[in-house]
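Make a model of the complete structure from these sequences and hints.
Quick note, the sequences are listed as chains H and W, same order.
Per the UniProt record's numbering, the first sequence starts with residue 1, numbered consecutively.
Per the UniProt record's numbering, the second sequence starts with residue 1, numbered consecutively.
Accuracy of the hints is not assured; some may be wrong.
[Stated by the list, open to error] Ranges of calculated distance between the beta carbons of each label pair, as one might list FRET restraints:
| # | chain 1 | residue 1 | chain 2 | residue 2 | range |
| --- | --- | --- | --- | --- | --- |
| 1 | H | G27 | W | M27 | 56 to 64 angstroms |
| 2 | H | D202 | W | M12 | 41 to 49 angstroms |
| 3 | W | L164 | H | D54 | 25 to 33 angstroms |
These are computed hints drawn from the structure, not numbers from a lab.
Source: prediction; values computed, not measured.
The C-beta atom is built at its ideal place from N, Cα and C for all residues, glycine as well.
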Amino acid sequence: MLEACEITCIKRDRTLFEGISLSVDAGDLLYLRGPNGAGKTSLLRILTGLSAPDSGTVRFNSVDIAVNASAYLSNLVYLGHKSGTNGSLSAIDNLKFWLAQHSANADDDALYETLARIGLVGLEDVPVRYLSAGQQRRVALSRLWLKKASVWVLDEPFTALDTKGVALLEQFMKHHVENGGVVITTSHQALSEEAGRYRVFDLEYRF
Amino acid sequence: MSLYQGIFVRDMHIAFKQKAELVQPIMFLLMVVTLFPLGVSPSPDTLQRIGPGVLWIAAILSSLMAMERMFRDDFQDGTMEQYVLSGMSLAGISAVKVCAHWLVSFVPMLVLSPLLAMFLNLTFDMYVALIITLLLGTPLLSFIGAIAVGLTVGLQKGGVLLALLLIPVFIPLLIFATSAVDSAALQLPYYPQIAIIAAMLLLSAAIAPFAIAYSLKVSQN
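Structure (structure tokens):
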């Protein structure tokens, strides 16, 4: 479904990785592992098309995403280090605007239901900046429930989450993969059994 | 809610939740203008002569304060990444954001301008010329400023750099705008100056969104 061919990334004269190829198909959970500074975030950003690789191509259903990304973007949810929520807006407003921009439709009931499922009952209308780090992360993660996308690219999704939150997310990742989705994730904690079967891709630190 | 309308509504929502940031540039403008009668001379003739220049310089400086707000928050909290991945045209998003920014930062300035004109003893003819130049010139400030904001948004403390980049670019606008008001003071026609400012505005409105989109993309890298 998504494949990367011979990707090279150079940052500040340091080659983070060179000639990396990987491919994921429906039903794959790819767990990207590596020490700090190995280039996990850079690789994920290249896979989403946020940054361009120094060489190599990324293809979605055999279409180069540098040439035509529209089909890919409508099937992608990316969650980075930054949550992408505005602190002065409430969780509900943040999600509504995000959904509108991503041409995903969900009515108010679906929004409240999702926020309830993810453990934010009663906090729907509080400006996001007053929520704890873990709760803010949950607001960002609720996008996975709301947008019907087949590819999830998640950069350290478990940061700041409590054990229940981690389990909830792992179960949902498993559910997504079993239904023919694709998950590419990084994490410094190992994935538990809740996440189901997964493949590991190791990135090494290069000098 | 159409896509771009949604972005406009969102920016307006956020602007009115951060009222302090809205009011500060306006207060700055008001104070700078108030300093001139105290510092230079309170004589009506002097004030009338320096008035157009003072108002325009104060407007440019206060606009620099408000300028950074345009993309800074969206860049820092990751909203910009989500915009890039939304599949919408980044140029369209930029144009909408510039319009929203102009409405919240410059329209209050236009509303305040009769009072400032009175402070500086401008005649009615001069005021008419001033408001026309402000109406055409401030959107130009927003469009051109947004390109520089897009370029510097990824840097820490880009504030002074932004001013250094932008002030030289605004010089032609300043010259034509103050010269229009001066002509009005002498009862001379000032269409040529207005026409030139209007031409600069149209050119920037046509090109700037693409330049902004590109600079935002570069900042993502």
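Against the structure, the hints:
{"no.": "1", "hint": "H:G27 x W:M27: 56 to 64 angstroms", "verdict": "holds, 59 angstroms"}
{"no.": "2", "hint": "H:D202 x W:M12: 41 to 49 angstroms", "verdict": "holds, 47 angstroms"}
{"no.": "3", "hint": "W:L164 x H:D54: 25 to 33 angstroms", "verdict": "holds, 31 angstroms"}
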